[in-house]
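Number of protein chains: 2
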Amino acid sequence: MEISVGRSLLESNDALAAELSGRFARAGVLALNLISSPGAGKTSLLEHTLRDLSGEFSMAVIEGDLQTDNDARRVAATGALVEQINTGGGCHLDASMILEVIPRFPLRDLDILFIENVGNLVCPVEFNCGEDHKVALLSVAEGDDKPEKYPLLFHLSSVLLLNKIDLLPYVDFDQEKAARFARAANPRLSILPVSCRGEGEGLEAWREWLREAVKAKRAKHAGTSGE
Amino acid sequence: MEISVGRSLLESNDALAAELSGRFARAGVLALNLISSPGAGKTSLLEHTLRDLSGEFSMAVIEGDLQTDNDARRVAATGALVEQINTGGGCHLDASMILEVIPRFPLRDLDILFIENVGNLVCPVEFNCGEDHKVALLSVAEGDDKPEKYPLLFHLSSVLLLNKIDLLPYVDFDQEKAARFARAANPRLSILPVSCRGEGEGLEAWREWLREAVKAKRAKHAGTSGE
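From first to last, the protein sequence lines are chains A and B.
Residue numbers for the first sequence, in numbering that gives the first Met the number 0: 0 to 226.
Residue numbers for the second sequence, in numbering that gives the first Met the number 0: 0 to 226.
The set of hints was computed from the structure by calculation and includes no laboratory data.
A couple of the hints might just be wrong.
[What the hints assert, rightly or not] Label-pair distances were calculated between CB atoms; the ranges are:
#, chain 1, residue 1, chain 2, residue 2, range
1, B, Glu55, A, Ser53, 57 to 63 Å
2, A, Val100, B, Gly197, 32 to 38 Å
3, A, Ser7, B, Lys219, 39 to 45 Å
4, A, Pro168, B, Leu98, 40 to 46 Å
[Unchecked claim] If you want a taste of the chain A side facing chain B, the calculated C-beta under 8 Å gives, among others:
#, residue
5, Ser36
6, Pro37
7, Phe56
8, Asp64
9, Leu65
10, Thr67
11, Asn85
12, Gly88
13, Phe104
14, Asn119
15, Leu120
16, Cys122
17, Ala140
18, Glu141
19, Leu166
20, Leu167
[Said to hold, decoys possible] Not close to chain B: a few residues of chain A, all C-beta gaps over 12 Å, as computed:
#, residue
21, Gly40
22, Asp51
23, Arg73
24, Ala75
25, Glu82
26, Arg107
27, Val121
28, Val158
29, Ile190
30, Leu202
31, Lys214
32, Ala215
Built from N, CA and C at the ideal position, the CB exists for glycine as well.
With these hints in hand, go ahead and build the complete structure from the sequences.
Written out as structure tokens, the structure is:
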């Protein structure tokens, strides 16, 4: 019975996610769902990205948290448009929550909409929010075994940001092993080693990934909107 | 409707947890539910604890994972009795899963039963497994804001192991701030700064906490089992 309840929840979420995906397609906005454990660096990555690309793209953020608006305030400090969703203890964002805040964004004027999910390596993966790509983050402090132990996120993501590489000298983390496990879950996964501390490290590869993703979305949009 | 499903799941779990709690009480075994984000160090803590206290206590472990038996093999290498539960993608252990493996343990011969939950700072907190105490772990690499953003675990735990303090020089983590947030969620929380890397650091305070908890459980057991 538990399983059938789970399935029907996921099915009704999928229907709303399809509705969202259609809205993002019609607006030509690239939607990215950022997923990781708590403290892997999603907000720090956004702070860098929003500052570094503010001259190139029009971007906005949906911040998901159990409670507090700390992350939303950090993101808003970059000047980006941000909407906070508090799940009230809930372990993931779902499509219905995103649908509720979407009217507050000028979707057609945006290039990228970032959805920062609740910090959780399990539940957010199952609830599609209409995104073009899931973006996985893994901090090297979490251990190189995580892609093997929690494979679904890596299986469904387009890119993995291996974050906090500034800590590599101080932790037992084998990058090749982590990459092998991640690629076993998803052979096409792009893996980008980065650090979001201070000035950051490796972030140009991430910005390049974003530029390509925006370009692909625009090409698709031009194709479907029938110029 | 979603909420009522959630409630009825939690209520039926609570009934099974009460059954488990009764079994642990009759056997006089201290049951501890270890909860943290992925990669905060639960398995490393167990490796140290099982080795260091093998002469003092009879201990066993239930290992919860989405998949793989990597952690169970690490724990078994210490010589401890261990049973693996694979949740098949599920985000937490629940009382029914624990009830299923309990017959495989000689409960009356045990002093401590450790339950290592799935790595997840949210869902495991809501599913009581009949434990005497929840034991929270937080890696300093996760950031000092986590007790404010994920307060329920800290609210319901008896002790917080602030792990990976060997990384303190390399991360931006304010111990006082983390402690303030954690104590706001739970004024009686014991906070123990530790490192489980190499020889370990601060672990004697944890062993002392365990000795006190075993003593309290034995006193309670002697009281309820007559005389």
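Hints and how they fare:
1. Glu55(B) to Ser53(A): 57 to 63 Å: holds (59 Å)
2. Val100(A) to Gly197(B): 32 to 38 Å: Given a distance of about 47 Å, which is not inside 32 to 38 Å, the answer is violated.
3. Ser7(A) to Lys219(B): 39 to 45 Å: With a Cβ separation near 44 Å, Ser7(A) and Lys219(B) satisfy 39 to 45 Å, so the hint holds.
4. Pro168(A) to Leu98(B): 40 to 46 Å: Hint holds: Cβ distance 45 Å, inside 40 to 46 Å.
5. Ser36: OK, holds: Ser36(A) within 8 Å of chain B, min 5 Å.
6. Pro37: holds (5 Å)
7. Phe56: This hint is violated: Phe56(A) lies away from chain B, its Cβ roughly 27 Å from the closest one there, beyond 8 Å.
8. Asp64: Since the shortest Cβ distance to chain B is 6 Å, the answer is holds.
9. Leu65: Since the shortest Cβ distance to chain B is 6 Å, the answer is holds.
10. Thr67: holds (5 Å)
11. Asn85: violated (11 Å)
12. Gly88: holds (6 Å)
13. Phe104: violated (24 Å)
14. Asn119: holds (6 Å)
15. Leu120: holds (5 Å)
16. Cys122: holds (5 Å)
17. Ala140: holds (3 Å)
18. Glu141: holds (3 Å)
19. Leu166: Because about 6 Å separates Leu166(A) from the closest Cβ in chain B, which is inside the 8 Å limit, the hint holds.
20. Leu167: At 10 Å from the nearest chain B Cβ, Leu167(A) fails the 8 Å test, so the hint is violated.
21. Gly40: Non-interface label on Gly40(A) violated, nearest chain B Cβ at 9 Å vs cutoff 12 Å.
22. Asp51: About 20 Å separates Asp51(A) from the closest Cβ of chain B, which puts it past 12 Å; holds.
23. Arg73: With a cut-off of 12 Å, Arg73(A) comes too close to chain B, as the shortest Cβ separation is near 10 Å.
24. Ala75: holds (16 Å)
25. Glu82: The assertion about Glu82(A) holds, with a minimum of 17 Å to chain B.
26. Arg107: Since the minimum Cβ distance to chain B is about 32 Å, Arg107(A) lies beyond 12 Å and the statement holds.
27. Val121: violated (4 Å)
28. Val158: Given a closest Cβ separation of 19 Å, the condition holds.
29. Ile190: holds (17 Å)
30. Leu202: Non-interface label on Leu202(A) holds, nearest chain B Cβ at 18 Å vs cutoff 12 Å.
31. Lys214: Answer for Lys214(A): holds, closest chain B Cβ roughly 33 Å.
32. Ala215: Non-interface label on Ala215(A) holds, nearest chain B Cβ at 30 Å vs cutoff 12 Å.
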